[in-house]
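Q: Use the sequences and the hints to build the structure in full.
Line order of the protein sequences matches chains A and B.
Counting in numbering that gives the first Met the number 0, the first sequence tops out at residue 187, every number present.
Counting in numbering that gives the first Met the number 0, the second sequence tops out at residue 187, every number present.
Since the hints were made in silico from the structure, they are not lab data.
Do not take every clue at face value.
Identical copies carry no separate label here, and so any pair may be met within one copy or between two of them.
Once the Cα atoms are required to be at most 30 Å apart in a straight line, the calculated DSSO-like pairs of lysine-lysine come out as [unchecked claim]:
| id | residue 1 | residue 2 |
| --- | --- | --- |
| 1 | LYS23 | LYS185 |
| 2 | LYS157 | LYS179 |
| 3 | LYS111 | LYS51 |
| 4 | LYS156 | LYS111 |
| 5 | LYS23 | LYS76 |
| 6 | LYS26 | LYS96 |
| 7 | LYS156 | LYS26 |
| 8 | LYS101 | LYS26 |
| 9 | LYS156 | LYS96 |
| 10 | LYS2 | LYS157 |
| 11 | LYS96 | LYS179 |
| 12 | LYS156 | LYS185 |
There are 2 protein chains.
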Amino acid sequence: MMKSLGAKTLIYPAPVLVVGTYDKAGKPNVMTASWGGICCSQPPCVAVSLRKATYSHANILEREAFTVGVPSETHVKETDYFGLVTGRNADKLAAAKLTAVKSTLVDAPYIKEFPLVMECKLVHVTELGLHTQFVGEVIDAKADESIIGNSGAIDIKKLKPLVFTPDTQDYYGIGRYVAKVFSAGKDV
Amino acid sequence: MMKSLGAKTLIYPAPVLVVGTYDKAGKPNVMTASWGGICCSQPPCVAVSLRKATYSHANILEREAFTVGVPSETHVKETDYFGLVTGRNADKLAAAKLTAVKSTLVDAPYIKEFPLVMECKLVHVTELGLHTQFVGEVIDAKADESIIGNSGAIDIKKLKPLVFTPDTQDYYGIGRYVAKVFSAGKDV
Numbered sequence: 000m001m002k003s004l005g006a007k008t009l010i011y012p013a014p015v016l017v018v019g020t021y022d023k024a025g026k027p028n029v030m031t032a033s034w035g036g037i038c039c040s041q042p043p044c045v046a047v048s049l050r051k052a053t054y055s056h057a058n059i060l061e062r063e064a065f066t067v068g069v070p071s072e073t074h075v076k077e078t079d080y081f082g083l084v085t086g087r088n089a090d091k092l093a094a095a096k097l098t099a100v101k102s103t104l105v106d107a108p109y110i111k112e113f114p115l116v117m118e119c120k121l122v123h124v125t126e127l128g129l130h131t132q133f134v135g136e137v138i139d140a141k142a143d144e145s146i147i148g149n150s151g152a153i154d155i156k157k158l159k160p161l162v163f164t165p166d167t168q169d170y171y172g173i174g175r176y177v178a179k180v181f182s183a184g185k186d187v
Numbered sequence: 000m001m002k003s004l005g006a007k008t009l010i011y012p013a014p015v016l017v018v019g020t021y022d023k024a025g026k027p028n029v030m031t032a033s034w035g036g037i038c039c040s041q042p043p044c045v046a047v048s049l050r051k052a053t054y055s056h057a058n059i060l061e062r063e064a065f066t067v068g069v070p071s072e073t074h075v076k077e078t079d080y081f082g083l084v085t086g087r088n089a090d091k092l093a094a095a096k097l098t099a100v101k102s103t104l105v106d107a108p109y110i111k112e113f114p115l116v117m118e119c120k121l122v123h124v125t126e127l128g129l130h131t132q133f134v135g136e137v138i139d140a141k142a143d144e145s146i147i148g149n150s151g152a153i154d155i156k157k158l159k160p161l162v163f164t165p166d167t168q169d170y171y172g173i174g175r176y177v178a179k180v181f182s183a184g185k186d187v
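A: Written out as structure tokens, the structure reads:
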């Protein structure tokens with residue numbers, strides 16, 4: 000029996016992303032965002048939505064660039080902190096004892112200790128309401144060697160990304176392998 | 000040591016969504032999409048990106064509406080099939096022995112047997128390149144009672160959504176509870 004839950008955004012799983020930016024003065028900032036995802040294969044683009052009130056929002060418009068980092072479960076504490084505090088008055092990276100690295104490709108920093116990052120050039124801005132959607136073209140993706148499997152591709156069981164649950168606001172991990180894409184459905 | 004992987008969209012986890020539409024003649028169609036996510040809280044909006052070549056692309060523009068369903072692991076075979084075949088020449092729902100239900104709120108169908116659906120009115124269309132991004136305002140979300148926990152919210156361990164891995168193209172499940180959002184980082 001289907002039950003109405005009202006007008007809610009209930010996409011499962013939602014990712015846990017850390018957006019890296021520079022402010023006008025060149026101070027690196029990071030914030031956690033779960034409103035986002037892949038949005039185009041060619042050119043390769045990802046989207047993140049931020050509230051206008053955030054410090055990162057102005058930074059992206061100023062620098063026309065951002066990075067999207069994917070933290071591991073091991074950094075859940077630091078990742079959650081990046082969503083709790085504004086970078087307007089705090090140096091979040093120093094507080095979390097993590098290191099900002101300047102991208103050589105776009106005008107934005109990323110976190111050295113996180114295993115996966117995409118360096119993005121801003122290509123679209125859409126005002127949707129409370130959130131503004133920023134679409135970035137991925138200029139390069141970088142991964143720590145420790146999360147790359149034998150095939151040369153990222154191994155999700157080594158990456159251990161966090162899952163955000165929109166309705167209960169919890170973090171979960173990734174579970175077991177289920178099936179191969181473009182294969183499991185061949186005998187329907 | 001960070002290694003360059005080239006310009007790739009590597010957001011983890013990516014969701015596995017089933018987009019429901021009607022064609023001009025009123026035939027229901029469904030297709031699987033992993034390029035998407037939540038993009039605004041107020042008004043509540045979700046985004047899905049589809050290639051222009053898909054049958055669903057034209058359907059969304061024609062009807063200015065779509066639904067976003069979240070399948071459980073139990074329907075991985077049917078879900079994968081919906082991404083393998085075009086609805087131009089096939090009745091995918093009949094082939095998969097699943098039932099289309101007409102939304103009473105928007106001009107689009109959803110799958111009766113899937114545990115979670117959002118009924119969306121089209122509000123933005125952005126041409127990004129190979130993919131077009133469709134932003135839909137969620138008019139209502141509906142969930143099967145079987146996935147609602149004691150708190151009245153969706154229990155992700157009952158929903159059992161699929162995770163898509165962009166680099167290896169596999170389906171995974173959801174793992175263990177890790178931490179509470181806006182809480183785990185309080186002692187940084």
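Q: Hint by hint, which ones does this structure get wrong, listed from lowest number up?
A: 7
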